[in-house]
Every structure is written in structure tokens, then in C-alpha cells.
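S.K.: Going down the list, the protein sequences come from chains A and B. Numbering of the first sequence is given in the working numbering, commencing with residue 1 and proceeding in unit increments. Numbering of the second sequence is given in the working numbering, commencing with residue 1 and proceeding in unit increments.
By construction, these hints were calculated from the structure, which means they are not laboratory data. Using N, Cα and C, we set each Cβ at its ideal position, and we do this for glycine too. Among the clues, some could well be false.
With a Cα cut of at most 30 Å, we get these calculated DSS-like pairs of lysine-lysine [as the list claims (entries may be wrong)]: (1) B:Lys-82 x A:Lys-23; (2) B:Lys-50 x B:Lys-82; (3) B:Lys-85 x A:Lys-5; (4) B:Lys-73 x A:Lys-53; (5) A:Lys-41 x B:Lys-82; (6) B:Lys-73 x A:Lys-67; (7) B:Lys-3 x B:Lys-56; (8) B:Lys-104 x A:Lys-44; (9) B:Lys-73 x A:Lys-5; (10) A:Lys-73 x B:Lys-3; (11) B:Lys-85 x A:Lys-23; (12) B:Lys-82 x A:Lys-73; (13) A:Lys-53 x B:Lys-15; (14) A:Lys-5 x A:Lys-71; (15) B:Lys-82 x A:Lys-52.
Taking CB as the label site, the calculated pair distances span [unchecked claim]: (16) B:Gly-128 x A:Pro-65: 39 to 49 Å; (17) B:Met-96 x A:Glu-35: 18 to 28 Å; (18) A:Ala-3 x B:Gly-30: 24 to 34 Å; (19) B:Gly-99 x A:Lys-67: 44 to 54 Å; (20) A:Pro-45 x B:Arg-71: 19 to 29 Å; (21) A:Glu-57 x B:Thr-120: 32 to 42 Å; (22) A:Asp-66 x B:Ala-118: 42 to 52 Å; (23) A:Glu-57 x B:Met-96: 41 to 51 Å; (24) B:Gly-99 x A:Glu-35: 33 to 43 Å; (25) A:Arg-26 x B:Gly-48: 47 to 57 Å; (26) A:Pro-45 x B:Glu-59: 49 to 59 Å; (27) B:Gln-129 x A:Asp-8: 40 to 50 Å; (28) B:Ser-2 x A:Lys-67: 22 to 32 Å.
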Amino acid sequence: MDAVKIVDSRGSACPGPITDLAKAYRNSKVGDVFELWATDKGVKPDAEAWAKKTGNEILEAREDPDKIVIKIKINKR
Amino acid sequence: MSKLSIVVFSGTTDKLLSVGVLSQAAAAMGTEVRLFVTFWGLLSFTKGEKKMMLPKEFESMGPALMEGLKREKVSSWYDMIKEAKEFGAKVYACSMACGVMNIKKSDLDPIVDEMVGAATFLQQAEDGQMLFI
Chain A
1 MDAVKIVDSR GSACPGPITD LAKAYRNSKV GDVFELWATD KGVKPDAEAW
51 AKKTGNEILE AREDPDKIVI KIKINKR
Chain B
1 MSKLSIVVFS GTTDKLLSVG VLSQAAAAMG TEVRLFVTFW GLLSFTKGEK
51 KMMLPKEFES MGPALMEGLK REKVSSWYDM IKEAKEFGAK VYACSMACGV
101 MNIKKSDLDP IVDEMVGAAT FLQQAEDGQM LFI
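So here's chain B without its partners, still in its complex pose (with noise of 0.2 Å):
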């Protein structure tokens, strides 16, 4: 069976949605997905509302991609990993990312599956595609 991994290194939600769009699909087309979430994506990766957040140089594009986003009916990142997980997709949360911003299990999204190390998602993700959002 292929594997994909993602590292979700970035917590906006332009990259978000590139790291819902692929793993969506790729959970769809039968591929075993992970990702793995550290630094700033775990900032989005807590519980509480998903706000739209964009790197600062396209923040005055924010308005246009919200109406873009609602014509095309695009889900959102977060429903995305969730039809992904319906399909076997796993989500991590990095926890030496998670000590360093103080971010304890019971912060987390219930769409985290797990806090595991580096090592853990390494092994796992051996033999695999992975990519780095």
C-alpha cells in the first residue's frame, strides 16, 4: 500500500488547504495518509474556532479567496483531514513542538490522534512519499 506523509510545519490556512486537498485525495485513492503537525501548524491544530489566516504578504488577497473559496463550495482544511480520517488518514501532533509552546494533550483538536516524537513518525512514514507544508 503507497504512503503519504505530511510534515504541516505552517499553521495558514492557504497551506492548510494544500494539506487538506492532498490528503483528501490521497486517502481516497486507497494511500495510507499521516501527518505530522509541529511549529506553527499546531497553532491550528488546537481546539477552539479555525479563523482564516494568511501570510502577511497575500493578507489583502484574504477577502477575494474567502468569496473564491465559498463559490467553488471548497471545504474546509479541517473538514478535509476529517474526510481523510474516515479513510484511515492518522494526525500527530509533534511533542517536543508542543513543550515548546506550552501546548498540553488536552489543548489539542480531537482531530489529533496521537503526541508522538520524531522517531515515531520517521518510522512509520519509511518507504513513503512525504512532503513538507
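The shape of chain A in the complex, shown without the other chains (with noise of 0.2 Å):
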């Protein structure tokens, strides 16, 4: 399995962090993992509302002490 993609989108508001999974999702492949890295205070249901959308899966939401973080795998392409 390849290792985890980070996409850091810290310091980015809405709509930044979303865009920039969706950028990275545009060069990726079905297996792909990815982690969101985010401050912005929506990211967790966006992510979550993104998956929904696009197909995607939803790993793992947590909120560490300087960020939440999003694991994301591909599914579709």
C-alpha cells in the first residue's frame, strides 16, 4: 500500500481545505489514501459532505490539539 498522502490546508477557510482535497483528488487513484490537514472549523462535515458527493470514504475525522485531521480514501476515480 502506498503511504499516506498529506494535504495541508491549514490556515485555509472555507472553501480552501475542500478545494485543495479536490485538486489532489483529481491526481489520484482508487486505493489512495489521503489526510486533510485543516484549522478551518467546517472542515469535518464538508469532508465528510465531499465524500458523499464524489464517492469517497471517510477513514477517520479527529481533532488533534493544532488541527483536524480527515483520513480520505479513494474509491472512485
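Both chains come to you apart, so use the hints to assemble them.
M.R.: Next comes the structure, spelled out in C-alpha cells:
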């Protein structure tokens, strides 16, 4: 399995993180796993909405002291 | 594929920010985005510097708004539309309103793809979501 790819969107306001995720998604393949790092407070529901819309999967969503981390698995290209 | 079409009627920065956020977010989610810029909206889609413009009743809040946008690192509405365009969003200028306001194709900002009529926009927007901002 390939290493987890980090998408660092810290400091970026909505809709920046989802946009960064969508850009990473463009060059992805099925089975890729991304970790989206963000500080925007809406990123968890937004990433869930994005995954639902694009047919991908949230593996984990957690709040670190300095950032929110969303782990996304690419199931659909 | 889902579609979002926005009639951009207002030319003030507050409303254009909404246009920018929704366009960029929708485009990032794989939605087809189309903007139809008309009337006062056109004043912000001509070439040249994009100045902050607020409706009269909120004018006094301009500096606080500017500060908040800067602090939260919110992109400009123009940059958000540019991001949306990177995902394929289209920006159309209303041909009739351009005529009324004496705006020629060469006056329009390069962010505008084409000058079209209402029928073109409505036909392309068919069976999608439509907003009037």
C-alpha cells in the first residue's frame, strides 16, 4: 500500500480545504489514502459531504490540538 | 452530473463573496457551475481593479469586514471564481444588460468566458439548481 498523502490546508478558510482535497483527488487513483489537515472549523462535515458527493470514504476524523485531521480513502475515480 | 447556476445580479462585495464561496465549493465537489452576470453584477466584471463595495446600510462595517476577511485568510471573490473555473466553471455576461450599460466585449474582465442571452443560460441550467444573488 502506498503511503498516506498529506493535503495541508491549515490556515485556509472555507472552501479552501475542500478545494485542496479536490485538487489532490484529480491526480489520485483508487485505493489512495489522503490525510486532509485543516484548521477551518467546518471541515469535518464538509469533507463528509464531499466524500458522499464524490463516492469516496472517510476512514477517520479527529481533532488534534493544532489541527483537524480527516483521513479519506479514494474508492471512485 | 449535478449543476449549479447562479444569476449574479448584485455587484457589491458582500454578495459577490457568497457567489465566490458557493462557486468554488460546488466546483470542488464536482458540480457543474455556471454564472450568468447581469446588471449591477456586470460593474464588478469589467476590466480593472476590484474595489470593496458594500450596500449603503452596511457601509460603516466595511473596515471591520476587511479586517475579518484578512484575519481568516478568506480569498477574494474574484480568486474564488478563478478557482471554480479551474474545475470547469463558466462565467457568462448577459448580452442585453451589457448593451443597456454600454459594456463591450472588450470591456469585460478576462474571467468572463462569453457574452450570451438568457435562453442560452436557461437551457444550460435546465434540471439543475439555480440561485439569484
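S.K.: Each hint: holds or not?
M.R.: A quick look at each hint next to the structure:
Restraint check for Lys-82 of chain B and Lys-23 of chain A: satisfied, since their Cα atoms lie roughly 14 Å apart, inside the 30 Å limit. A C-alpha spacing of about 14 Å is found between Lys-50 of chain B and Lys-82 of chain B, which places the hinted pair at or below 30 Å, so the restraint holds. Only pairs whose Cα atoms come within 30 Å are accepted, and Lys-85 of chain B paired with Lys-5 of chain A is accepted, the gap being roughly 25 Å. Restraint check for Lys-73 of chain B and Lys-53 of chain A: the C-alpha separation of about 26 Å stays at or below 30 Å, so the hint holds.
Under the criterion of a C-alpha separation no larger than 30 Å, the hint pairing Lys-41 of chain A with Lys-82 of chain B is consistent with the structure, at around 24 Å. For a cut-off of 30 Å, the pair hint linking Lys-73 of chain B to Lys-67 of chain A stands: about 16 Å separates their Cα positions. For a cut-off of 30 Å, the pair hint linking Lys-3 of chain B to Lys-56 of chain B is broken: about 33 Å separates their Cα positions. For the hint pairing Lys-104 of chain B with Lys-44 of chain A, the CA-to-CA distance comes to about 44 Å; that exceeds 30 Å, so the pair is violated.
For the given pair, Lys-73 of chain B sits about 24 Å from Lys-5 of chain A by alpha-carbon distance, which is consistent with the 30 Å threshold. Distance hint between Lys-73 of chain A and Lys-3 of chain B is fulfilled; the C-alpha atoms sit about 25 Å from each other, no more than 30 Å. Under the criterion of a C-alpha separation no larger than 30 Å, the hint pairing Lys-85 of chain B with Lys-23 of chain A is consistent with the structure, at around 13 Å. Proposed proximity of Lys-82 of chain B and Lys-73 of chain A is supported: the alpha carbons are some 28 Å apart, at most 30 Å.
As the CA atoms of Lys-53 of chain A and Lys-15 of chain B are separated by approximately 26 Å, the hinted pair is consistent with the 30 Å bound. Annotation: proposed proximity of Lys-5 of chain A to Lys-71 of chain A holds, straight-line Cα distance about 10 Å (limit 30 Å). Annotation: proposed proximity of Lys-82 of chain B to Lys-52 of chain A holds, straight-line Cα distance about 25 Å (limit 30 Å). With their beta carbons about 42 Å apart, Gly-128 of chain B and Pro-65 of chain A fall inside the hinted range of 39 to 49 Å.
Under the hint 18 to 28 Å, the C-beta atoms of Met-96 of chain B and Glu-35 of chain A, about 49 Å apart, miss the expected range. Distance hint for Ala-3 of chain A and Gly-30 of chain B: a CB-CB separation of about 26 Å, consistent with the stated range 24 to 34 Å. The hint said 44 to 54 Å for the Cβ distance between Gly-99 of chain B and Lys-67 of chain A, and at roughly 51 Å that hint holds. Look at Pro-45 of chain A against Arg-71 of chain B: about 23 Å separates their beta carbons, and that is inside 19 to 29 Å.
The hinted range of 32 to 42 Å is satisfied by Glu-57 of chain A and Thr-120 of chain B, whose Cβ atoms lie roughly 38 Å apart. Checking the proposed 42 to 52 Å range against Asp-66 of chain A and Ala-118 of chain B shows it holds: the Cβ atoms sit about 50 Å from each other. Taken as a hint, the range 41 to 51 Å holds for the pair Glu-57 of chain A and Met-96 of chain B, whose Cβ atoms sit roughly 47 Å apart. A hinted range of 33 to 43 Å is violated for the C-beta pair Gly-99 of chain B and Glu-35 of chain A, which are about 51 Å apart.
Separation of Arg-26 of chain A from Gly-48 of chain B is about 32 Å and departs from the stated range, judged on CB atoms against 47 to 57 Å. Hint check: Pro-45 of chain A to Glu-59 of chain B, Cβ distance near 33 Å, so the stated range 49 to 59 Å is violated. In this structure, Gln-129 of chain B and Asp-8 of chain A break the distance hint of 40 to 50 Å, their C-beta atoms being roughly 31 Å apart. Between Ser-2 of chain B and Lys-67 of chain A the CB atoms are about 30 Å apart, so this pair conforms to the stated range of 22 to 32 Å.
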